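S.K.: In the order they appear, the protein sequences are chains C and H. The opening residue of the first sequence carries number 1 in the working numbering; numbering runs sequentially from there. The opening residue of the second sequence carries number 1001 in the working numbering; numbering runs sequentially from there.
Hint data in this document are derived by calculation from the structure and do not stem from the laboratory. Quick caveat: nothing in here was measured; it's all calculated off a predicted structure. Ideal Cβ positions, reconstructed from N, Cα and C, are used throughout, including at glycine. Just so you know, not all the hints are guaranteed correct.
DEER-style ranges, computed between Cβ atoms [stated by the list, open to error]:
{"hint": "1", "chain 1": "H", "residue 1": "1229", "chain 2": "C", "residue 2": "130", "range": "22 to 32 Å"}
{"hint": "2", "chain 1": "C", "residue 1": "146", "chain 2": "H", "residue 2": "1518", "range": "23 to 33 Å"}
{"hint": "3", "chain 1": "H", "residue 1": "1518", "chain 2": "C", "residue 2": "368", "range": "56 to 66 Å"}
{"hint": "4", "chain 1": "C", "residue 1": "242", "chain 2": "H", "residue 2": "1444", "range": "50 to 60 Å"}
Chain C is faced by these chain H residues, among others (derived, beta-carbon under 10 Å) [to be verified]:
{"hint": "5", "residue": "1116"}
{"hint": "6", "residue": "1250"}
{"hint": "7", "residue": "1358"}
{"hint": "8", "residue": "1449"}
{"hint": "9", "residue": "1450"}
{"hint": "10", "residue": "1520"}
{"hint": "11", "residue": "1525"}
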Amino acid sequence: MSTSGMLQSVFKDRGQPGGRVMPFVIILLVVTVLASALNLLTPEGSALHVSTYTITLLGKYLCYAMLALAVDVVWGYCGILSLGHGAFFALGGYAMGMYLMRQIGDRGVYGNPLLPDFMVFLDWQELPWFWLGMDQFWVAMIMVLLVPGVLAYVFGFLAFRSRVTGVYLSIMTQALTYALMLAFFRNEMGFGGNNGLTDFKDILGFDLQSDTTRIVLFLLTAGFLCAALLTSHWIMNSRMGKVILAVRDSEARTRFIGYKTETYKVWLFVYSAVIAAIAGALYVPQVGIINPGEFSPINSIEVVIWVAVGGRGTLIGAVVGALLVNYAKTRFTAILPEGWLFMLGALFVLVTLYLPKGLIGLYSQLKQQLGAGKPAAAGTGKSSSAAKTEGAGA
Amino acid sequence: MKQILCISLWLMGCLMPAVSYSETLTDALESPAATTRTVPELVQELTEKSLTQAVPVLEALEQQGGEEMLPLFRTMLNGDLYYVKDTSQVVGKTDTAGEESYADILTKAAVTGLGSRDVKKIRVNNTLRSYLRNAIARIQLSSANPHSREQAVLSLLSELDNDTVGQIREARANESVEEVQQAMDLALAMYALDQGSSDIEKLDAVEGLAGSLQPEARNMLRKYAEMEPDHADYSARVSAAAAKALERIQEKVEFYGFIDQLFFGLSLGSVLLLAAIGLAITFGVMGVINMAHGEMIMLGAYTTYVIQQLMPNHIDLSIWIAIPAAFVVSGLVGVAIERGVIRHLHGRPLETLLATFGISLFLQQLVRTVISPQNVPVSTPDWMAGTLQINPVWSLTLNRLYILAFALLVFFALLIILKKTNLGLNVRAVSQNRAMARAMGVRSDRVDAMTFGLGSGIAGIAGVALSQLTNVGPNLGQSYIIDSFMVVVFGGVGNLWGTLVAAFSLGIANKFLEPVTGAVLASILVLVFIILFIQKRPKGLFPQKGRAAE
């Protein structure tokens, strides 16, 4: 298949401008607003009532969906399989957690107005320098963006400049999050060690336990997710996005044409890391805890399977996949706790073997078949997907 | 009335030890009965004789029984020797976890059904104790086995007195084995330093102690080196000499500390090598990324566990059965994975990574469900347990030593398989140029399955070795997978020698960083180092050259 043919097929499959993401974003917003309204307006016990528990759960799913979106942006569109995006998610979460920790003030168990409980417990006399200023919301928010962004830039710069690609890069990202996990488990790091940060009271003066705060956080998460979806969609349809697709399909060729592929990859990686970090920052106040477990490599790799289930390189697929798999996880772990890892393992194998384009791919393939009414479409779809995956893997 | 009599008798025994000792000694030697009585008879007499009369009996026992009397003397010394009131049978008491049990002191046969009311203690006093201690030392010093002679001298170091030193001096004259001679010289020098009358004698003694690593000798030297000038025994020359000798010993201790660390580094390296070497084949040679590699290790460890459960009475043997069994189990699972999944994902490394990760989750959960979510106990065979004491400050843990040797053995076996056998030739051919190899008649899919089975099987063997060092649980493999990948990547993909060098250098680096930074920070630093290293040399320490590189 010629390059132009391949590129054409890529755009046919994925990059229709405007039409595809917008309806999804609208549906998402309508559902979230509806759920919030039902929670606030209907009385408890009514058939239409949506419990606060459900709202928090949905909010958590949406954070995961955002994280999945971040992975999809680099993996689906640029062929960078990151097994360490959980690190950016957790770093964003820790920055938010530090702010929330400082907001506790003297309401902690030890009642120290300056030091968080775990520092009092460790007999520390003053705040470490990196905790200074974290009681200001805006400082914390800058840190949410800055720390993961800089880490992603440095890591990406080093990795992409020396042309570490494919499986090597994946292992490196996994090592990155593993190293961070080990580091954050240490008490001396000053992030609460094993227990992490928890027992949060309020955010910007609003009680974290109240229904209204939770609804607002939920709606905010939905809003950020939609914004991230639209921005990503815009980037992928811009000139930069086209270069990024070209990098995925043949990095060498793109480089020979004259593009500095490293620069594109680094900035895309930073963008993705920042989305993951925002997701983490939204996740922490809703879940109420952040601990080093979030850094564990298995969390990051689970995100990848959400994307794979939904269909990578489709943006919506990542969101759908994250929502579906996490819903399944919640249901499954309630009914059959032992079965979930079997399910997840089987999901990994089955999706990679039989559903390389995910549910979205399956959906569009079915639609194509029904519309065209002839099986020939399946053949072309298959060959183009093989070409793409080869490009992604190389 | 009876009690008072007892106490006064006991007091007498305490007050006139010297008299009774010499008197009874001559008695025993002169009486013809002493030589004719047998050991059981003599032991029986212990129950009848009073404290003052016991010494000649012990004397006779020492002459007749020799080394066999050691348990009896030790038990008596510890005050654990009893006799049964009804039968006068002499028994030793052992106290394990609050449970008292009795056994015949000579035959070692357990005597059951005895309570503390049925037995009476065979009492000892200070005279007897000191006699027993000396007798034990005497017996050991004249033991036929040089090792126990040496041990006897070393155990006396902390309680040197006139008698023991006299015995040692006597034994030293007839001693022919060098190690024992050294130990005896050390004891004599220590005594000379402590009790010597002149500075010359003491300085000589310090000289004799200078090379020794025995903690007792070091303590003695330290005592003199740090002695205050107003102390009665103080002498500036002796003190300075002791300080100097101590310094020399310290240097030696530090040197052995370094060697010890090196050994621990090598040991960690051997673990890394074992974990990574299977991966060096599947990932390095075949180019297939297998995230379930850690679970192959885990399966090997669990195979060891299952085999030990099947043959609980032959733990020593179980390892030899577990090694091939683990190879077969992990190898077969590996072949199944290759045939069932990896084959279909050929040329799509990222998908392979995901699918094999799914398999690893599946296998972990399988073990949790079928066996147990907790760690399982795997016992160490006796021949692997214990330590090899090279000198007082340096000892090697035997199991680490064996595993180091085992790792190297596996490595070279694998090297030979890849370089010298038909399978190895096929593997290298397919990994270099699949199409050409097929054209030459190599059945590439079969070779793929065999290679993957080989790599997985070796991971299984690694699991057997790891089961002797760490906890065996469902997460065993996970903790090694990242390290293994690092080793392979660091050493250079497709290069077994690179894997060897990488494993040992990472192991040693880790262990030398540990004391400085702490264990966790050390492994973080090593990870960061590798990440940076890969930036500089993406193909590892020993990159492949020429066509094989592509």
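S.K.: Now, for every hint given, state plainly whether the structure supports it.
M.R.: Right, here's what the structure says about each hint:
no., hint, verdict
1, 1229(H) / 130(C): 22 to 32 Å, "violated, 53 Å"
2, 146(C) / 1518(H): 23 to 33 Å, "holds, 28 Å"
3, 1518(H) / 368(C): 56 to 66 Å, "holds, 58 Å"
4, 242(C) / 1444(H): 50 to 60 Å, "violated, 38 Å"
5, 1116, "violated, 49 Å"
6, 1250, "violated, 31 Å"
7, 1358, "holds, 2 Å"
8, 1449, "violated, 17 Å"
9, 1450, "violated, 22 Å"
10, 1520, "holds, 5 Å"
11, 1525, "holds, 9 Å"
Checked against the numbered hints listed earlier, the structure breaks hints 1, 4, 5, 6, 8 and 9; every other hint is satisfied.
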